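Peer 1: Full structure from sequences and hints, please.
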Amino acid sequence: MGADDDARLRLVRGFSMNVPHNRALGMKVVDMQPREAVFELPYDEKLVGNPDTGVIHGGAITALLDGASGASVFAALTDFVPIATLDLRIDYLRPAEAGKSVIAKATCYKVTKNVAFTRAVAYHDDPDDPIAHSVGTFMLSTKVGNLRS
Amino acid sequence: MTLVERLTAAKAAGNYQDLFDAIPYAKLLGLSAQLQGTELVTTMTFSPDLIGNPALPALHGGTLGALLESAAIFELLWRAETIVLPKTITITIDYLKSAAAVDTHARGLITRQGRRVSNVRVEAWQGDRSTPVASAHAIFMVMRG
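Protein sequence lines, in the order shown, are assigned to chains A and B.
Numbering-wise, the working numbering puts 14 at position 33 of the first sequence, and it's gapless, one number per residue.
Count along the second sequence starting at 1, add 1458, and that's the number in the working numbering.
Each hint should be verified, as a subset may be incorrect.
[Said to hold, decoys possible] Listed next, the in silico DMTMM-like pairs over lysine to aspartate or glutamate satisfying Cα-Cα at most 20 Å (straight line):
no. : chain 1 : residue 1 : chain 2 : residue 2
1   : B       : 1485      : A       : 26
2   : B       : 1555      : A       : 68
3   : A       : 81        : A       : 60
4   : A       : 27        : B       : 1476
5   : A       : 81        : A       : 107
6   : A       : 9         : A       : 106
7   : B       : 1469      : A       : 33
8   : A       : 81        : A       : 68
9   : B       : 1545      : A       : -14
10  : A       : 27        : A       : 110
11  : A       : 9         : B       : 1507
12  : A       : 86        : A       : 72
13  : A       : 27        : B       : 1507
14  : A       : 81        : A       : -14
15  : B       : 1545      : A       : 110
16  : B       : 1485      : A       : 33
17  : A       : 86        : A       : 17
18  : A       : 27        : B       : 1479
19  : A       : 81        : A       : 12
20  : A       : 86        : A       : 21
21  : A       : 91        : A       : 106
22  : A       : 86        : A       : 106
23  : B       : 1545      : A       : 72
24  : A       : 9         : A       : -13
25  : A       : 86        : A       : 110
26  : B       : 1545      : A       : 78
27  : B       : 1469      : B       : 1552
28  : A       : 9         : A       : 107
29  : B       : 1485      : A       : 25
In short, the hints are calculated from the structure, not lab data.
Just so it is clear, the structure is predicted and the values come from calculations on it, not from any experiment.
Peer 2: Right under this line is the structure:
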């Protein structure tokens, strides 16, 4: 990984940490590599979706996977261009456990002229024992002010 | 009260606010629900914490996903005869246009209600309902236990 890569990945990390909703949920950037982003969502009572069990809401995992997937696209591009999520599919494989951080590891596995493709897993300790799996597509170089149209 | 007891009470009273107040994440998103005629409309009240892109500004995709998933679950709970907490098996979200920094509404439509599994389509809109900002289809496990 060269110096340019380092600077770019630092930029992506800083950008992700400045997203207001990422901050509101308490999301952290754990690692950035070319084409890969690892985010952590520490357990917090404000994220709970079922007060009987203390398990966090699926929506919080959606936000985590969306954030990590978008960051993996930025980490895969040589230029910092605006992107917009086209779609995101999330499969819930098993319930999250109360009291534990959720980690999302996202990979941007293909970039074409206009579209980037991502896959991601959310897990507690072991990426091979995932809570959720997602695939996403992102439009590249969307004009600022015209995202997601 | 357990969540199912709260749900039962909310449904009987036609008032979901106590239920939302009991779910921390629904509170964080600013969710509320109103019956509009025969439709159950879920609203996510804007707050700066929902922003994903401060430059535009635009809502975070995750907040729209959470709103769509919640609206689908409320539709299932509202229509179902017996209350079982639906478990999301899979959800696919299409982001259709940039969501502005204003209130967002969503409504689910059950496309199939099975014994074990239900399919729901959901749309989210802001000012103009005919141009949704996001849509989703989701599949839920609706068995007891």
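Peer 1: Now tell me, hint by hint, if it's right for this structure.
Peer 2: Taking the hints in turn, this is what the structure says about them:
1. For the hint linking residue 1485 (chain B) to residue 26 (chain A), the alpha-carbon distance of about 11 Å falls within 20 Å, and the restraint holds.
2. A C-alpha spacing of about 11 Å is found between residue 1555 (chain B) and residue 68 (chain A), which places the hinted pair at or below 20 Å, so the restraint holds.
3. With a C-alpha separation of about 36 Å, the suggested pairing of residue 81 (chain A) with residue 60 (chain A) is violated against the 20 Å cut-off.
4. Only pairs whose Cα atoms come within 20 Å are accepted, and residue 27 (chain A) paired with residue 1476 (chain B) is accepted, the gap being roughly 16 Å.
5. With a CA separation close to 12 Å, the supplied pair residue 81 (chain A) and residue 107 (chain A) stays within the 20 Å bound.
6. Proximity of residue 9 (chain A) to residue 106 (chain A) is assessed by CA-CA distance (about 16 Å); at most 20 Å being required, the pair is judged to hold.
7. For a cut-off of 20 Å, the pair hint linking residue 1469 (chain B) to residue 33 (chain A) stands: about 19 Å separates their Cα positions.
8. Proposed proximity of residue 81 (chain A) and residue 68 (chain A) is contradicted: the alpha carbons are some 28 Å apart, above 20 Å.
9. As the CA atoms of residue 1545 (chain B) and residue -14 (chain A) are separated by approximately 41 Å, the hinted pair breaks the 20 Å bound.
10. Taken as a hint, the residue 27 (chain A) and residue 110 (chain A) pair is broken in the structure, with Cα atoms around 25 Å apart against an allowance of 20 Å.
11. Taking the CA atoms of residue 9 (chain A) and residue 1507 (chain B), the gap is near 16 Å; set against the 20 Å cutoff, the hint holds.
12. For the hint pairing residue 86 (chain A) with residue 72 (chain A), the CA-to-CA distance comes to about 15 Å; that is within 20 Å, so the pair holds.
13. Of the pairs offered as hints, the one joining residue 27 (chain A) and residue 1507 (chain B) holds, with about 13 Å between alpha carbons and a cut-off of 20 Å not exceeded.
14. Restraint check for residue 81 (chain A) and residue -14 (chain A): the C-alpha separation of about 32 Å exceeds 20 Å, so the hint is violated.
15. Our distance criterion of 20 Å between C-alpha atoms is met by residue 1545 (chain B) and residue 110 (chain A), whose separation comes to about 19 Å.
16. Restraint check for residue 1485 (chain B) and residue 33 (chain A): satisfied, since their Cα atoms lie roughly 16 Å apart, inside the 20 Å limit.
17. For the hint linking residue 86 (chain A) to residue 17 (chain A), the alpha-carbon distance of about 7 Å falls within 20 Å, and the restraint holds.
18. Between residue 27 (chain A) and residue 1479 (chain B), the direct Cα distance comes to roughly 11 Å. Compliance with the 20 Å bound is thereby established for this hinted pair.
19. Proximity of residue 81 (chain A) to residue 12 (chain A) is assessed by CA-CA distance (about 19 Å); at most 20 Å being required, the pair is judged to hold.
20. Only pairs whose Cα atoms come within 20 Å are accepted, and residue 86 (chain A) paired with residue 21 (chain A) is accepted, the gap being roughly 9 Å.
21. For the hint linking residue 91 (chain A) to residue 106 (chain A), the alpha-carbon distance of about 27 Å lies beyond 20 Å, and the restraint is violated.
22. For the proposed pair residue 86 (chain A) and residue 106 (chain A), the alpha carbon gap of about 12 Å is at most 20 Å, so the pair holds.
23. For the suggested pair residue 1545 (chain B) and residue 72 (chain A), the alpha carbons sit about 11 Å apart, so the restraint of at most 20 Å is met.
24. Taking the CA atoms of residue 9 (chain A) and residue -13 (chain A), the gap is about 18 Å. The hint holds against a cut of 20 Å.
25. Distance hint between residue 86 (chain A) and residue 110 (chain A) is fulfilled; the C-alpha atoms sit about 13 Å from each other, no more than 20 Å.
26. For the given pair, residue 1545 (chain B) sits about 15 Å from residue 78 (chain A) by alpha-carbon distance, which is consistent with the 20 Å threshold.
27. Restraint check for residue 1469 (chain B) and residue 1552 (chain B): not satisfied, since their Cα atoms lie roughly 30 Å apart, outside the 20 Å limit.
28. Note on residue 9 (chain A) and residue 107 (chain A): the hinted pairing holds, with a Cα-Cα distance of about 18 Å set against a maximum of 20 Å.
29. At roughly 14 Å between alpha-carbon atoms, residue 1485 (chain B) and residue 25 (chain A) fall within 20 Å of each other, so this suggested pair holds.
In this structure, the hints that do not hold are numbers 3, 8, 9, 10, 14, 21 and 27, in rising order.
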